Every structure is written in structure tokens, then in C-alpha cells.
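My request is simple: use the sequences and hints to build the entire structure.
Sequence lines, in order, name chains L and D.
With the working numbering, the residue at position 42 of the first sequence is 42, and numbering never jumps.
With the working numbering, the residue at position 36 of the second sequence is 222, and numbering never jumps.
Hints in this document: simulated from the structure, not taken from any laboratory.
Predicted model only: the values in this text are computed from it and were never measured.
Among the hints, erroneous ones may be present.
What the hints assert, rightly or not - Lysine-lysine pairs mimicking DSSO-like chemistry, simulated, CA-CA at most 27 angstroms apart: (1) Lys205/D to Lys135/L; (2) Lys131/L to Lys208/D; (3) Lys135/L to Lys208/D; (4) Lys205/D to Lys131/L.
Claimed, not checked - Computed footprint of chain D on chain L, listed as stretches where at least three residues anywhere in the stretch have a Cβ under 8 angstroms from a Cβ of chain D: (5) 38 to 44; (6) 58 to 69; (7) 75 to 89; (8) 149 to 161; (9) 169 to 178.
Backbone N, C-alpha and C fix where the C-beta goes; we use that ideal spot for every residue, glycine too.
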Amino acid sequence: MEVQTEKELFDSVNMLDIIGIAIVLLVAFCFQFHYSEMPCPLCLLQRFGFFMMAYGLMMNVVFTLRARNYALSAIAALFTAVTSLRQMFLHIVPGTGGYGGTLFGWHLYTWCFVFSGLFLMATFFALLFDKQFVKMTTPRTDTHESIGRLLVALFIILLLVNVVGSYMECGLAYCPDNPMHYIHNI
Amino acid sequence: MMALLFLITTAGFSAILFKQEKLALWLYCAAILFGSLLLFHHIDFGSLNISL
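As C-alpha cells, this is what we get:
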């Protein structure tokens, strides 16, 4: 594959990954606001992990494609996998139930573990194609940069909603393990 | 604490938006470190009935 073609391909793959992560986060918001489910501290940490998974990809899209940026996303995917695995272990004993609602029969933390595992594999697979990291003298197209910046702006909005939501739930203290109601109302 | 963690992450994404690569990297490190500390707190090793 040509260097330019590979670069454009991986730019697009990174953007699609970011859109996929945004959809996952929007599903989590849907459970919180539409079904009135309070996110537990581990759930919030899994959300944080998804944001950080998008962080490295975002740096790939806005700055330039680098192996380092993929590594940042891989570290975040490991963090998310550990967090969701811990939550799965909390409910592993038969009869202990689960936390929150289910989606297609699985709890959100189980989906989270599956997604972070798949994301980790996809990141390592992307690292196999090293022509994408070759430095080019020609600048990137404006369209790529504008879409990238638009995606960053979308993530900033999602993050600000999370800042307000987690402040309403926990204030500035540690979040309770089993939150029942918001402690601050706006 | 969690709101603070998301605030640091927001600052990181803003650094990306304004093309401050070094600042974005530092904020990534700060967020992952703080997130890991919160994770260790919420894992609550004391409650685990395991022998390592």
C-alpha cells in the first residue's frame, strides 16, 4: 500500500473508532438520564477509561499518526478492562445479581470488558502497519483536520456533562459504592 | 473526586483542541495517574478474601 493511502486509511479508521467510542458513551448517558440509573464509582471509572481510549486516537487525528498515541489508547484500554473485570468479579458468585440494567442480556460492565479487549486487539493490529508513521512533506487536508476538531469539541461537551453529573452524585468527596440519589441538585 | 478527574480530562481534550501537544501529554499522565489512584481506592483490596 502507498504511504499516502495508508495514512488516509488510518486517519479514517481512527475517526471511526472515535465515533464508536462516542456512541458507547451516549448509550451510558441514555441509561443514566433516560432510565434514571445512578452510575457507580466503577462505572464512572469505566467511562473515564473510554474517554482516555479516545484521547490517543484524537491525538492521532489532530496532530499526526504516531505509535506513541496508539500506546496511550492501549494503556487506557487496559485500565478500562481491569476496572470492568473488577466489577464482573463483584457479581461473579451465583445469586449476587448485577449492577444496573442489561443490554442484549449482558450488563454494561460486561460489554465494557468485551469492548476494551477488542479495542486493545485492534490497536495492536493497527501498529502492524508502519507506513502510516512515515513523515510527509505535504500537509494534511483541511477536511480531516476540521472533522478531528469537531470530534474533540463533541468529546469536551460529553466530558462537561460528566463533570456536572459526577459532581451532583458525589460532590468533591469519594463516590459512595452504591449511590441511591444525587446529593446536589441543579 | 470523580468530578475533578473528569475536569482534568476536559483540560486534556482542550489542549488537543488548541494544538498544545506537550500539555496534552502531561494532562494525559495526570489523568491516568489520578484515575489509577481512584481505582485502587474503589477496588478496596481490604474487602477481598484472597491470599496473594
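Against the structure, the hints:
no.	hint	result
1	Lys205/D to Lys135/L	holds, 18 angstroms
2	Lys131/L to Lys208/D	holds, 24 angstroms
3	Lys135/L to Lys208/D	holds, 19 angstroms
4	Lys205/D to Lys131/L	holds, 24 angstroms
5	38 to 44	holds (count 3)
6	58 to 69	holds (count 4)
7	75 to 89	holds (count 6)
8	149 to 161	holds (count 7)
9	169 to 178	holds (count 8)
Hint compliance for this structure: every hint is met.
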